[in-house]
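Asks: The chain contents come next:
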Amino acid sequence: MSEPIAVNGDMAIAMAWKQINPDVVAAYPITPQTIIVEAYSDFVADGTVDTEYVCAESEHSALSICVGSSAAGARVATATASAGLAFMWEMLYVTSSMRTPIVMAVANRTLSGPINIHCDHSDAMGARDSGWLQIFGENVQEAYDNTLMAFRIAEHMKVRLPIMTCLDGFIITHALERFELLEDEKVKAFVGPYQPVRPLLDVKTPTTYGPIAMPEYYYEIKYQIVTAMMNAMDVARQVMAEFAELTGRKYDLVEGYRTEDAEYLMVAMGSTAGTVRFVVDQLRAQGKKVGAVKVRLFRPFPADDMAKFLKGKKAVAVLDRAMSPGTGAALYMDVLESASRMKDAPRISNYVYGLGGRDIMPGQLSTVFEEIMAGKGERVNYLGVRL
Amino acid sequence: MNLKQLSHTEERLVEGHRLCAGCAEPIIARQVLMATDKPVVVANATGCFEVSTTIYPFSSWNIPWIHTAFENAPATMSGVEAAYNSLKRQGKLDQEIKFIAFGGDGATYDIGFQSLSGAIERGHDFLYVCFNNEAYMNTGIQRSGATQKGASTTTCPAGSCVPGKREFPKDLTRIIIAHDLPYAAQASPHNWKDLIEKSKKGIDTPGPAFINVISPCPRGWRHDGSQTIAMSKLAVETCVWPLYEYENGVWRLTGESLRIAEGSREKKPVSDWLSSQGRFKHLMKGKFTSVADEIQVNVDKKWESLLKLCKN
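So the sequence lines, in the order shown, correspond to chains L and H. According to this note's numbering, the first sequence holds residues 67 to 453 in order. According to this note's numbering, the second sequence holds residues 1443 to 1754 in order.
Some clues are possibly wrong.
[As the list claims (entries may be wrong)] No more than 20 Å apart at the CA atoms, straight line, and that leaves these computed lysine to aspartate or glutamate pairs for EDC-like: (1) H:Lys-1643 / H:Glu-1609; (2) H:Lys-1635 / H:Asp-1479; (3) L:Lys-270 / H:Asp-1479; (4) H:Lys-1675 / H:Glu-1708; (5) H:Lys-1534 / L:Asp-116; (6) L:Lys-270 / H:Glu-1538; (7) H:Lys-1530 / L:Asp-116; (8) H:Lys-1480 / L:Glu-308; (9) L:Lys-288 / L:Asp-425; (10) H:Lys-1591 / H:Asp-1567; (11) H:Lys-1530 / L:Asp-268; (12) L:Lys-355 / L:Glu-436; (13) L:Lys-270 / H:Asp-1536; (14) L:Lys-270 / H:Glu-1452; (15) H:Lys-1534 / L:Asp-268; (16) L:Lys-355 / L:Glu-437; (17) L:Lys-270 / H:Glu-1453; (18) H:Lys-1642 / H:Glu-1708.
[Claimed, not checked] Computed far set for chain L versus chain H, every beta-carbon distance over 12 Å: (19) Val-73; (20) Ser-124; (21) Met-223; (22) Gln-304; (23) Phe-309; (24) Gly-423.
By construction, these hints were calculated from the structure, which means they are not laboratory data. Don't be surprised by glycine CBs; every beta carbon is placed ideally from N, CA and C.
Please build the complete structure, drawing on both the sequences and the hints.
Replies: Right under this line is the structure:
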């Protein structure tokens, strides 16, 4: 039996890594990720893992080290946040093009400036086009579960792409919650041994990694990432089904709550999804036909799954914990895209919220529901900003 | 080691690459790769050498090779070496493999300096070789931290007011030695024996090793492509580029530089070096000739300082 324990989200990820025992971890400390690599360093110091732990001198080097290790034939994990992810930006694209299935925890934190260490999704949204899979968790349990599933999805032979396991900075990374830790043997059996593809360390079959591609080849190489991304959708479903059999915890790419007879929906990612369900219950008690949709897999974006939830609804509010000054935010754009072939599509509005760690309160979300039920609101709204 | 033996070593960088005629880089790389019989994995920084040897779907590399970006060949190599250590420790790999990283002076002195310093400080077991052609040649001859004072480049051109680059290059070899790593050296392709011996030491010494190699570039230096080896020799004979090594805390002159120090060989004037290259043409007559004198003074000062270090 798996035993319930209480740890924070960062520690849960470190514990997942410990059970998986990657060959190499390379990282650079940054709040609110640091607990992960500190805890993992303890495991290395006590010899409870086989991992070669490399203390990089920057995030750019941390990810470069990970790419080198993964190309060499190792299973690799790392973690970062905010400015660290931004500093890795150049290497994010290289990682996906190298088809190195690195698993990276991203403790979602806003970007400077002004400098601010608290939660929003600006960091991950900036990386959305880099060819990495992105999976978001709502609480400590999901941060742990997503990590176990992430290795399976990323390393699948039809995918072979890197993946970010995203968890809200402080709200999940530092909050102590009860969660169920799977037994080591079950994790090992679920994740399985790593299978390298054309490893650099196979000196008998020399491989050239990272050549220059001219216009006649570049596009096709990038298109292979598109194909792998689309494959990842079915692979993720399959992995989630297996995980449900193992644990009883059922996950999906996009998850609905009280949506079936709902006329109005609110879409969210990360910890806010729980707050949305709380508000849905409150409004349902008042007889309002509202529902919640949580996006777990953000890249690839499950547009068909999303479209099924949108069909027949009157209005939808998409909550984005990030902004794109001058247009709608990232999740909103993807939800709109999901409805782009739909007849009588719902009226979809964007609500940017919670930037730089600003709390989001149930009362605010009730107001958003009231607004879309009244057919009011702009296309893009900035919830709670003082004007 | 003799030429006959070397001629029988397996080529690891093969024909078909697209480097310029007269480029020193493939000459240097082949000499370095001849220095060991053991399997080698190469990491390469972005630059002439990288783009010209791996134009997809072709590759001139007969051995495993990786390029990920401009500023991070040492980090990439750190990762490969970390994977090797991990897999070996776990019994998943038993072969002995050597690791060599190549980068130009832009990748080494400037944009990748942090990555190199970090990898050396962490103690990864690899040899880093800098092809120092004293400018960003791949992008078209722009100034780098390795560019000689007085050299005309496309971003520090000699004009009517400015005599080319105004600053002396940073002394990267000494900066790397300040990390107190097991092995570091300066070398030149004209003295193949010296370069191969240094490469062998760098490869066989456990821990990080660094070799800075002068790498004449006919396009950027404005000399005939047939004069590449002569230019590298002149750099040493004028003491612009002394040959020396730092091995476990001991400084030692080698090759022609040792003979100049011992007095058995003439120390040529820097003007021989400057006058042989178009990039210094404007220093030869007119208002900027004093810059040539300043370069001579600086070369003498650095040479005297090196002599002291090598005597101790």
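Asks: So, for every hint listed, does it hold in this structure?
Replies: Structure-based check of all given hints:
1. For a cut-off of 20 Å, the pair hint linking H:Lys-1643 to H:Glu-1609 is broken: about 33 Å separates their Cα positions.
2. For the given pair, H:Lys-1635 sits about 16 Å from H:Asp-1479 by alpha-carbon distance, which is consistent with the 20 Å threshold.
3. Straight-line distance between C-alpha atoms of L:Lys-270 and H:Asp-1479 comes to about 14 Å, which keeps the hinted pair within the 20 Å bound.
4. Annotation: proposed proximity of H:Lys-1675 to H:Glu-1708 holds, straight-line Cα distance about 13 Å (limit 20 Å).
5. Of the supplied pair hints, the one linking H:Lys-1534 and L:Asp-116 holds, its CA atoms being roughly 12 Å apart against a limit of 20 Å.
6. A hinted pair counts as satisfied when its Cα atoms are at most 20 Å apart, and L:Lys-270 with H:Glu-1538 qualifies at roughly 13 Å.
7. For the hint linking H:Lys-1530 to L:Asp-116, the alpha-carbon distance of about 11 Å falls within 20 Å, and the restraint holds.
8. For a cut-off of 20 Å, the pair hint linking H:Lys-1480 to L:Glu-308 is broken: about 45 Å separates their Cα positions.
9. Between L:Lys-288 and L:Asp-425, the direct Cα distance comes to roughly 39 Å. Violation of the 20 Å bound is thereby established for this hinted pair.
10. Annotation: proposed proximity of H:Lys-1591 to H:Asp-1567 is violated, straight-line Cα distance about 34 Å (limit 20 Å).
11. About 13 Å separates the Cα atoms of H:Lys-1530 and L:Asp-268, which keeps this hinted pair within 20 Å; it holds.
12. At most 20 Å may separate the alpha-carbon atoms for a hinted pair to count; L:Lys-355 and L:Glu-436 meet this at roughly 11 Å.
13. Between L:Lys-270 and H:Asp-1536 the CA atoms are separated by roughly 13 Å; this keeps the pair inside 20 Å, and the hint holds.
14. Taken as a hint, the L:Lys-270 and H:Glu-1452 pair is honoured in the structure, with Cα atoms around 14 Å apart against an allowance of 20 Å.
15. Distance restraint check for H:Lys-1534 and L:Asp-268: the Cα-Cα separation of roughly 12 Å lies within the 20 Å cut-off, and the hinted pair is therefore satisfied.
16. For the proposed pair L:Lys-355 and L:Glu-437, the alpha carbon gap of about 14 Å is at most 20 Å, so the pair holds.
17. Between L:Lys-270 and H:Glu-1453, the direct Cα distance comes to roughly 15 Å. Compliance with the 20 Å bound is thereby established for this hinted pair.
18. At most 20 Å may separate the alpha-carbon atoms for a hinted pair to count; H:Lys-1642 and H:Glu-1708 exceed this at roughly 29 Å.
19. Interface exclusion of L:Val-73 from chain H stands, the closest Cβ pair being 26 Å apart, more than 12 Å.
20. Under the 12 Å C-beta cut-off, the non-interface status given to L:Ser-124 relative to chain H is violated; the minimum distance is some 6 Å.
21. Listed as a non-interface residue, L:Met-223 keeps its Cβ farther than 12 Å from every Cβ of chain H; the least gap is roughly 19 Å.
22. Remark: the non-interface label on L:Gln-304 is consistent with the geometry, its nearest Cβ contact in chain H lying 28 Å away (cut-off 12 Å).
23. At roughly 27 Å, the least C-beta separation between L:Phe-309 and chain H is larger than 12 Å, which holds for a residue marked as non-interface.
24. With a cut of 12 Å on Cβ distances, L:Gly-423 stays outside the contact zone with chain H, its closest approach being about 30 Å.
Hint check: violations occur at hints 1, 8, 9, 10, 18 and 20; the rest are consistent with the structure.
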